[in-house]
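*Asks:* One-letter residues, chain by chain:
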Amino acid sequence: MPEMPLTGEARLAQMAQAKARRSRREKAIEAVLLLAACVSVFTTVGIVYILLKESFAFFTHVSLWDFLTDTQWTPLFDDAHFGIMVLLSGTLTSSAVALLVAIPLGTIIAIYLSEFAGHKTRETLKPVLELLSGVPTIIYGYFALLFVTPLLQKLFPELPGFNVLSAGLVMGIMIIPYVASLSEDAMRAVPMGLREGSYAMGATRFQTAVRVVVPAAISGIASAYILGISRAVGETMILAVAAGMQPSLTFNPMEPAATITSFVVQVALGDLPHGSVGYQTIFAAGLLLLLLTLAFNMLGYWVRRRYREAY
Amino acid sequence: MSTITLPENPPPLKAQSKNLDFYYGDFKALKSVSMPVYEHKVTALIGPSGCGKSTYLRCYNRMHDLYPGNRYVGEISLMPDGVNVLAPQVDAIEVRMRISMVFQKPNPFPKSIFENVAYGLRVRNERSRSFLEDRVEAALRGAALWEEVRDRLDEAGSNLSGGQQQRLCIARALATDPEIILFDEPTSALDPIATGAIEELIGELKQKVSILIVTHNMQQAARVSDYTAYMYLGELIEYGDTKDIFMKPKRKETEDYITGRFG
Amino acid sequence: MNNPNPSAPSSFGDTVAGSPAARTEQIRALIRVAKRWDHFFALLGLLAMMVGILTLVALFTEMVIDGLPRLNLDFFTSFPSRRAGQAGILSAWVGSILVMMVTALFAVPVGIAGAIYLEEYAKKNWFTDIIEINIANLAGVPSIVYGLLALGLFVYTFGFGQSILSAGLTLALLILPIVIVATREALRSIPKHIREAAYGCGASQWQVVQDHLLPYSTPGILTGVIIGMARAIGETAPIITIGALTFIVFLPPVPGTGEPPAGMFDWLFSPFTVMPIQIFNWTSRPDPAFHQNAAAASLVLVVMTLGMNGLAIWLRYRLRKKIKW
Numbered sequence: 001m002p003e004m005p006l007t008g009e010a011r012l013a014q015m016a017q018a019k020a021r022r023s024r025r026e027k028a029i030e031a032v033l034l035l036a037a038c039v040s041v042f043t044t045v046g047i048v049y050i051l052l053k054e055s056f057a058f059f060t061h062v063s064l065w066d067f068l069t070d071t072q073w074t075p076l077f078d079d080a081h082f083g084i085m086v087l088l089s090g091t092l093t094s095s096a097v098a099l100l101v102a103i104p105l106g107t108i109i110a111i112y113l114s115e116f117a118g119h120k121t122r123e124t125l126k127p128v129l130e131l132l133s134g135v136p137t138i139i140y141g142y143f144a145l146l147f148v149t150p151l152l153q154k155l156f157p158e159l160p161g162f163n164v165l166s167a168g169l170v171m172g173i174m175i176i177p178y179v180a181s182l183s184e185d186a187m188r189a190v191p192m193g194l195r196e197g198s199y200a201m202g203a204t205r206f207q208t209a210v211r212v213v214v215p216a217a218i219s220g221i222a223s224a225y226i227l228g229i230s231r232a233v234g235e236t237m238i239l240a241v242a243a244g245m246q247p248s249l250t251f252n253p254m255e256p257a258a259t260i261t262s263f264v265v266q267v268a269l270g271d272l273p274h275g276s277v278g279y280q281t282i283f284a285a286g287l288l289l290l291l292l293t294l295a296f297n298m299l300g301y302w303v304r305r306r307y308r309e310a311y
Numbered sequence: 001m002s003t004i005t006l007p008e009n010p011p012p013l014k015a016q017s018k019n020l021d022f023y024y025g026d027f028k029a030l031k032s033v034s035m036p037v038y039e040h041k042v043t044a045l046i047g048p049s050g051c052g053k054s055t056y057l058r059c060y061n062r063m064h065d066l067y068p069g070n071r072y073v074g075e076i077s078l079m080p081d082g083v084n085v086l087a088p089q090v091d092a093i094e095v096r097m098r099i100s101m102v103f104q105k106p107n108p109f110p111k112s113i114f115e116n117v118a119y120g121l122r123v124r125n126e127r128s129r130s131f132l133e134d135r136v137e138a139a140l141r142g143a144a145l146w147e148e149v150r151d152r153l154d155e156a157g158s159n160l161s162g163g164q165q166q167r168l169c170i171a172r173a174l175a176t177d178p179e180i181i182l183f184d185e186p187t188s189a190l191d192p193i194a195t196g197a198i199e200e201l202i203g204e205l206k207q208k209v210s211i212l213i214v215t216h217n218m219q220q221a222a223r224v225s226d227y228t229a230y231m232y233l234g235e236l237i238e239y240g241d242t243k244d245i246f247m248k249p250k251r252k253e254t255e256d257y258i259t260g261r262f263g
Numbered sequence: 001m002n003n004p005n006p007s008a009p010s011s012f013g014d015t016v017a018g019s020p021a022a023r024t025e026q027i028r029a030l031i032r033v034a035k036r037w038d039h040f041f042a043l044l045g046l047l048a049m050m051v052g053i054l055t056l057v058a059l060f061t062e063m064v065i066d067g068l069p070r071l072n073l074d075f076f077t078s079f080p081s082r083r084a085g086q087a088g089i090l091s092a093w094v095g096s097i098l099v100m101m102v103t104a105l106f107a108v109p110v111g112i113a114g115a116i117y118l119e120e121y122a123k124k125n126w127f128t129d130i131i132e133i134n135i136a137n138l139a140g141v142p143s144i145v146y147g148l149l150a151l152g153l154f155v156y157t158f159g160f161g162q163s164i165l166s167a168g169l170t171l172a173l174l175i176l177p178i179v180i181v182a183t184r185e186a187l188r189s190i191p192k193h194i195r196e197a198a199y200g201c202g203a204s205q206w207q208v209v210q211d212h213l214l215p216y217s218t219p220g221i222l223t224g225v226i227i228g229m230a231r232a233i234g235e236t237a238p239i240i241t242i243g244a245l246t247f248i249v250f251l252p253p254v255p256g257t258g259e260p261p262a263g264m265f266d267w268l269f270s271p272f273t274v275m276p277i278q279i280f281n282w283t284s285r286p287d288p289a290f291h292q293n294a295a296a297a298s299l300v301l302v303v304m305t306l307g308m309n310g311l312a313i314w315l316r317y318r319l320r321k322k323i324k325w
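Protein chains in written order, with the numbering used here: chain A, 1 to 311; chain B, 1 to 263; chain C, 1 to 325.
Errors might be hidden in some of the hints.
[Stated by the list, open to error] Here are the simulated SDA-like cross-link-like pairs (lysine to any residue), alpha carbons at most 20 Å apart as the crow flies:
| id | chain 1 | residue 1 | chain 2 | residue 2 |
| --- | --- | --- | --- | --- |
| 1 | A | Lys-126 | C | Ile-53 |
| 2 | B | Lys-18 | B | Val-95 |
| 3 | C | Lys-123 | C | Leu-44 |
| 4 | B | Lys-31 | B | Asp-91 |
| 5 | B | Lys-111 | A | Arg-211 |
| 6 | B | Lys-105 | B | Asp-244 |
| 7 | A | Lys-53 | C | Leu-56 |
| 8 | B | Lys-105 | B | Asp-91 |
| 9 | C | Lys-124 | A | Ala-31 |
| 10 | C | Lys-35 | A | Arg-211 |
| 11 | B | Lys-31 | B | Leu-233 |
| 12 | C | Lys-35 | A | Gly-118 |
| 13 | C | Lys-123 | A | Arg-211 |
| 14 | C | Lys-124 | A | Lys-19 |
| 15 | C | Lys-35 | B | Pro-11 |
| 16 | A | Lys-27 | C | Phe-160 |
| 17 | A | Lys-126 | C | Leu-54 |
| 18 | B | Lys-206 | B | Glu-185 |
| 19 | A | Lys-126 | C | Leu-44 |
| 20 | B | Lys-111 | A | Ile-218 |
| 21 | B | Lys-28 | B | Leu-57 |
| 22 | A | Lys-120 | B | Pro-68 |
| 23 | C | Lys-35 | B | Glu-126 |
| 24 | C | Lys-35 | A | Val-210 |
| 25 | A | Lys-53 | C | Leu-153 |
| 26 | A | Lys-120 | C | Glu-119 |
| 27 | B | Lys-105 | A | Ala-189 |
| 28 | B | Lys-243 | B | Pro-11 |
| 29 | C | Lys-35 | A | Phe-116 |
| 30 | A | Lys-27 | C | Val-208 |
| 31 | C | Lys-123 | A | Lys-53 |
| 32 | C | Lys-123 | A | Lys-120 |
| 33 | B | Lys-41 | B | Asp-244 |
| 34 | A | Lys-126 | C | Glu-119 |
| 35 | A | Lys-27 | C | Ser-204 |
| 36 | A | Lys-19 | C | Gly-202 |
These aren't lab readings, by the way, just hints derived from the structure by calculation. Please read these numbers as outputs of a predicted model, since none were measured by experiment.
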């Protein structure tokens, strides 16, 4: 006998069952998606956990005071010293050189692209910037060591084969696209009405750019700079290849130096037993690096939020 | 064909356009517009949206130069020298130093009130602090804003209310002693009280400068202007004394627009 | 209508001395000076761009001059060797491909799923905020910190060892923010009325995602994935930190071979090397013959990276034009 379609109460019950089934499925799917979204949280938790765990172990051997104030960094010697200042000096010097290149050039390029260049010029030049930022940093390292250093040595014959100057310069060029494109975005967001007001007063392009557009976009530009700083501090390979990995407390870019980042590479290239103080050292250094870059990232974010012009 | 009724004893001429065409790319937005602008008088441009009144206004200070693909054909002569403002040999910047503009949406710079008003002077390389202070005060008085802001000249211009911001923009336009001020729907973004204040201001300003004002508010044109031009689809339909235009228009199109039959 | 008015402009102008002609000349001189700054700055802008352009030109020329002669079939099919002339990138490019496979296998589904959750399901509460803040932060964490995470957690705590699996997972985490952001942008660009139409037909939320949102946002997602992979293939620091060896003269087992079931995954736990590490190793040697090898390998890597970036940009351009809402 063929099944009769259900009616009335029975039909309602059937529909309720279908709904419950569908809703269970949808909820399960949502849970899976949520889990995927949480991977980023797990990553952060993982990073914080591992850095803290190993750093705590580290600081049972080395006092925080020594870590912050010792002027030598020789963690792998018998008479080991753990003064992080040494590595910080390398990081600071290399970042300073890089930013001295990236910030002025990046800003000039941003102003040029945003206020001066015609549409065609802009469309031709922007891919160049993207290219610059697309080159793997190891290749920039190769370039710094085998092209820039010999070139600089023609100018400064006493320049050693490993030096912070070459690495810093190349790092700066690598960071230009970040500074330029974020600054340009900030400037393009300034409404045309403001520019028209300036032009209507008889101002030239340069006057409008510098007196009206840049001040209006200053929060975005400042946060672009801060992000550039963060990028410079976190860069590894260019320094590992071209700056030498010799830890020394110096602010002279014409010498080799080790940074926090290149130190980790140096240790990783060697053979450090898991659990040794040497092994834990890189996590302590890494923790400091993370704190530094996080501080800069948050500063950049805060600057952009706080000083944003409401258009 | 435009119906132009010139006054019997015309006041001195400040500027006039002669057969002005304007093209946005291939689109002809203005068709042979010829019109006078008299000195120390307020001339209003009215018409439905898209009729070309703002386009016409922006020819006077070469605003269209900022965007690619635009073309002027014809002349706008500026007196007393009779120079054609639209000629390629004439520098747009020089034109803008003689003709100022107030925009529809108030656009004060992200600077202090003082610096906003002083901007035009700074662009002209004025550095003397006392000179700037005098001119800023004079301009703010001229814009009926001085009493409200005299104690807070260092505050940001954007902190002012909408109506105050627009008066700030007027002061900015005034500070450089322009010959003509162009007003592009200056009160359409403002509330009625602020609107009234600006209209009163325009009445006073015309003693010092010549004014060309675009407005979509007919009653405003009737209140504020001495001469009115009605435009439609890029053409000047009728021009004449404001009273005549509003009470006995000569063209049917003008009458239809004014009585609200369309637009 | 010609009625010239010779008088000087309004009473406002009583502070400016001189006839109109003198005034005009004054203004003209001013404008000339101001425009000089315009031209100067335009020149400066172009010069600044030249710095970047010249760098790229110098870089490529150097790589081509030094490296092109080394590029022959042998180079691609030989293992590294102590003799520069015989060294090749076989283990390196194979390793890169295997690591990329793991990276993609992990980053693509997780990234897309996470983005779908955030765009379509998440409610505006503190929990969602935490997820979003994390993603934003992680994008700014230096890659070497990811290496430390991998070393401590993947290599030791989880016991994956210094293997392809660890490397692939690390790079996947690194590029996850890129995939997520690209997917979210692609989803956002789908207009509301398409969703409403789908719901209106009686589709459930997941059906709307599966049948409409994902297909329409595929170009954008693909672009993001390719850009992420281009980034991953060039990353060196995290892989070094895991402990990828720089002198590997064998290939990992082919995926899928080996005795089932566990043997099929042997390759994941194999030691390995990747292209950037090989370049690093050769660059660091004092012998200039190895520098040539480094240049050649760099050329290969750069072509791969820029080729992928170019592909992504082209894709984004082409496929964007086809969809009509």
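*Asks:* Tell me, which hint numbers fail for this structure?
*Replies:* 3, 4, 6, 7, 8, 13, 14, 15, 16, 26, 31, 32, 34
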